[in-house]
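With chain A held as given, fit chain B onto it using these hints.
2 protein chains.
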Amino acid sequence: MHSLQPSAAKDRTPAPAMVDYEHALRILSALVTTLPAPDIEHVPVHQADGRILATALQALAPRPEADISAMDGYAFCCADIADTGLATSTIPLRDYVVAGDQPAPHHRGTAATILTGARLPAGADCVIARERVEVRNGLLHLAPSDIAVGKNIRQTGEEFAAGSPLLTASQKLDWRHIALLVSQNITQVPVYKPCRVGVIASGAEFAQSAPDSRAEINTPLLHAMLTRQGAHVTSRVVCSDSREDLLAVISELAEQSDILLTTGGISVGQTDNVLPVMEQLGASCLFRRVKIRPGKPFTLMQLGSVPVFCLPGNPGATAICAQVFVLPFLRSFMEHRQALMSFPVLHGRSSFSHPSLSDATGFVPVTCAQSGMETVFSLVPSKGASDVLCFSRADGLLLIPPGQTITIGDWCSATRFCSI
Amino acid sequence: MHSLQPSAAKDRTPAPAMVDYEHALRILSALVTTLPAPDIEHVPVHQADGRILATALQALAPRPEADISAMDGYAFCCADIADTGLATSTIPLRDYVVAGDQPAPHHRGTAATILTGARLPAGADCVIARERVEVRNGLLHLAPSDIAVGKNIRQTGEEFAAGSPLLTASQKLDWRHIALLVSQNITQVPVYKPCRVGVIASGAEFAQSAPDSRAEINTPLLHAMLTRQGAHVTSRVVCSDSREDLLAVISELAEQSDILLTTGGISVGQTDNVLPVMEQLGASCLFRRVKIRPGKPFTLMQLGSVPVFCLPGNPGATAICAQVFVLPFLRSFMEHRQALMSFPVLHGRSSFSHPSLSDATGFVPVTCAQSGMETVFSLVPSKGASDVLCFSRADGLLLIPPGQTITIGDWCSATRFCSI
Numbered sequence: 001m002h003s004l005q006p007s008a009a010k011d012r013t014p015a016p017a018m019v020d021y022e023h024a025l026r027i028l029s030a031l032v033t034t035l036p037a038p039d040i041e042h043v044p045v046h047q048a049d050g051r052i053l054a055t056a057l058q059a060l061a062p063r064p065e066a067d068i069s070a071m072d073g074y075a076f077c078c079a080d081i082a083d084t085g086l087a088t089s090t091i092p093l094r095d096y097v098v099a100g101d102q103p104a105p106h107h108r109g110t111a112a113t114i115l116t117g118a119r120l121p122a123g124a125d126c127v128i129a130r131e132r133v134e135v136r137n138g139l140l141h142l143a144p145s146d147i148a149v150g151k152n153i154r155q156t157g158e159e160f161a162a163g164s165p166l167l168t169a170s171q172k173l174d175w176r177h178i179a180l181l182v183s184q185n186i187t188q189v190p191v192y193k194p195c196r197v198g199v200i201a202s203g204a205e206f207a208q209s210a211p212d213s214r215a216e217i218n219t220p221l222l223h224a225m226l227t228r229q230g231a232h233v234t235s236r237v238v239c240s241d242s243r244e245d246l247l248a249v250i251s252e253l254a255e256q257s258d259i260l261l262t263t264g265g266i267s268v269g270q271t272d273n274v275l276p277v278m279e280q281l282g283a284s285c286l287f288r289r290v291k292i293r294p295g296k297p298f299t300l301m302q303l304g305s306v307p308v309f310c311l312p313g314n315p316g317a318t319a320i321c322a323q324v325f326v327l328p329f330l331r332s333f334m335e336h337r338q339a340l341m342s343f344p345v346l347h348g349r350s351s352f353s354h355p356s357l358s359d360a361t362g363f364v365p366v367t368c369a370q371s372g373m374e375t376v377f378s379l380v381p382s383k384g385a386s387d388v389l390c391f392s393r394a395d396g397l398l399l400i401p402p403g404q405t406i407t408i409g410d411w412c413s414a415t416r417f418c419s420i
Numbered sequence: 001m002h003s004l005q006p007s008a009a010k011d012r013t014p015a016p017a018m019v020d021y022e023h024a025l026r027i028l029s030a031l032v033t034t035l036p037a038p039d040i041e042h043v044p045v046h047q048a049d050g051r052i053l054a055t056a057l058q059a060l061a062p063r064p065e066a067d068i069s070a071m072d073g074y075a076f077c078c079a080d081i082a083d084t085g086l087a088t089s090t091i092p093l094r095d096y097v098v099a100g101d102q103p104a105p106h107h108r109g110t111a112a113t114i115l116t117g118a119r120l121p122a123g124a125d126c127v128i129a130r131e132r133v134e135v136r137n138g139l140l141h142l143a144p145s146d147i148a149v150g151k152n153i154r155q156t157g158e159e160f161a162a163g164s165p166l167l168t169a170s171q172k173l174d175w176r177h178i179a180l181l182v183s184q185n186i187t188q189v190p191v192y193k194p195c196r197v198g199v200i201a202s203g204a205e206f207a208q209s210a211p212d213s214r215a216e217i218n219t220p221l222l223h224a225m226l227t228r229q230g231a232h233v234t235s236r237v238v239c240s241d242s243r244e245d246l247l248a249v250i251s252e253l254a255e256q257s258d259i260l261l262t263t264g265g266i267s268v269g270q271t272d273n274v275l276p277v278m279e280q281l282g283a284s285c286l287f288r289r290v291k292i293r294p295g296k297p298f299t300l301m302q303l304g305s306v307p308v309f310c311l312p313g314n315p316g317a318t319a320i321c322a323q324v325f326v327l328p329f330l331r332s333f334m335e336h337r338q339a340l341m342s343f344p345v346l347h348g349r350s351s352f353s354h355p356s357l358s359d360a361t362g363f364v365p366v367t368c369a370q371s372g373m374e375t376v377f378s379l380v381p382s383k384g385a386s387d388v389l390c391f392s393r394a395d396g397l398l399l400i401p402p403g404q405t406i407t408i409g410d411w412c413s414a415t416r417f418c419s420i
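The listed protein sequences correspond, in order, to chains A and B.
Its first residue numbered 1, the first sequence is counted upward by one per residue in full-length UniProt numbering.
Its first residue numbered 1, the second sequence is counted upward by one per residue in full-length UniProt numbering.
A couple of the hints might just be wrong.
One copy or two, either will do: identical chains are not told apart, so a pair holds if it fits within one copy or between any two.
The calculated lysine-lysine pairs, modelled on BS3-like cross-linking and capped at a C-alpha distance of 27 Å, are [unchecked claim]: (1) 151 to 291; (2) 296 to 151; (3) 383 to 151; (4) 291 to 172; (5) 383 to 296; (6) 291 to 383; (7) 172 to 383.
I should point out that these hints are in silico values taken from the structure, not numbers from a laboratory.
Same shape as in the complex, but just chain A:
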């Protein structure tokens, strides 16, 4: 941990050394373990989709809760079917059971009509499917060779017993888990509260009154990207180059955020206020710049206990830093993991060549296509760190390891732009 020294860019003392990509990930991994667990709240199960389960859950009841007919057919006790050596035996039909009934004990020597999903009368041990028999004059005609104890019966607890582990903590819930919770009549689910992320951009050029007014792209970009992951995002744009204005907004959002993101203002220009303000607020610097391209200016600070991702101002660079650093960190925090989650990696062949980026790790936008059994990555042309068109044409980012030249046909790794 280092502290930035006094402020004006020119006479700032050397910042902590630039780190490489892997080193940055290790620092983030260590950082995420120092954060407190998110608070827990209870939500109705039908509102739990996309939320993170906060505690492990065990089965309250077995499933099925009782022996259940898997067929529309007839239930009886196999011992009651006389094997006469003939092709068919008969047994009188008596009771009728549908799903929802709590049937009386089985009347031995008879068969009961039973529908799919109905509870088996105690004492019956076989269900024969409707289409395998004939019913004439109140008698069921069936082939003794066609029956067996347990046939067409879903046995109590065959899916799981009471007390079985069902779900583990930190799972992101979707229809699969919701079905399981509902099957247990669980109506309220303990989940982690969403991560509160503050996102701040600043610059006089974002004022509508600026002579050369510019659209501020980074906060809506980050807002959409992080909200999709389940974060509660608060965005602020400081439309000035005033250090005081920026300090006020950073202070305010730091109070109410679990994670803070700034974009722009971390270069050496006179209007680059983020690092001086962070230093004025007493933040510590975990690293200053990363050997990646684009995205080199990315700097990681900590203000009190709040991690502050100081992202570059160019939207392309910001998007890439958010994908490869912020999203894994956010997910790890939201799921209360004890290390940085790695983003899902797709392996495939490159359809293009790319020069080495010397000691930098490169991230280039690519499309991912299936070709036979392989994934093929194709380069999406980019005009560099400020390009926002290239991503809308791409499916993900191909990683170019430091010092490595990519040749057509090389096996490579990419991360897909994902939504969940």
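Only chain B this time, still in chain A's reference frame:
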């Protein structure tokens, strides 16, 4: 197109023939093209994440809108730098330009301090980075060999020109597109209205007062699965075996839905009311049962113009039918595609063997793991069509083609459970 004949299961005339999986997909593909385009509404760009763009959009302005400095540095006109043959030349510093300024035309014979993102003064044609020069006594010292026309300048329109196609209709919007829209100062986005899906379950066993009351799993399962895809889902559970009750609810939801789903009640039991009710309402049957396992009872009807997916009652079978039939159909409808979207397929090797399912197409839950450059599918044990635990342990469904035995190491295809 066929019509179901009068009702009681036993004397129902033969339903349209069972179709195989591929045939079912072709019927769905034909059906989706007959549906009207979804209505269009305009939403603020910051609420457009996850929505489907309804019209193609062109660039309103070039990006960048002007020649912009890509660096903190100094702008000048290359012709003003005398190449004296010495290692350095000098030029006096005069103006100062930051992002947001509308700078006066460049003063020839001088250099201007310029910050990243600032608009280049007209007449300047090169930016040299701050760290490549020295400034002493108001004079910029630089190496003539270090300069070139256009250097460190983002040229007007180099990302895209005004009028360039930016986004095509039917794209699902996320941060990538939102960044692009915001860069164009677009504040309202034309998107398709969400698909309205009605989901209906029925059965006396779902009444809390039933002697053997059961949790109704399918509607919350489908609600979560389809809502995540952007549908507006209305769920109803009819807690009786009354045909009239079911008819009333189907009629009501058909009025207000683009697509209808029923679960259960499509077998031959006396409480299987869905098909008789559909027939009573004058629905036509597009196919009756599919050669898939599980999920064979799945039947496709059409009630007026509303497609009705009659799904099996077993939650495992319903989940699989929803994944392989309903989701592709829903997506095609929501994106107004002219054919059925195929779901994303993952290729990999099977780590298990599986017998042939005769002429049925099988879907078995699997985990998908990366092993070196390959994806490896591992079987998740399932207790069959009613099992809801198996999915929560799985990442997707492996497809077993009809008549095909799976052997360890075989290349297979699977669809991942996906969220977006």
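Consistency of the hints with the structure:
{"no.": "1", "hint": "151 to 291", "result": "between (65 Å within a copy, 23 Å between copies)"}
{"no.": "2", "hint": "296 to 151", "result": "between (66 Å within a copy, 20 Å between copies)"}
{"no.": "3", "hint": "383 to 151", "result": "between (67 Å within a copy, 14 Å between copies)"}
{"no.": "4", "hint": "291 to 172", "result": "neither (32 Å within a copy, 33 Å between copies)"}
{"no.": "5", "hint": "383 to 296", "result": "within (16 Å within a copy, 52 Å between copies)"}
{"no.": "6", "hint": "291 to 383", "result": "within (19 Å within a copy, 51 Å between copies)"}
{"no.": "7", "hint": "172 to 383", "result": "between (37 Å within a copy, 24 Å between copies)"}
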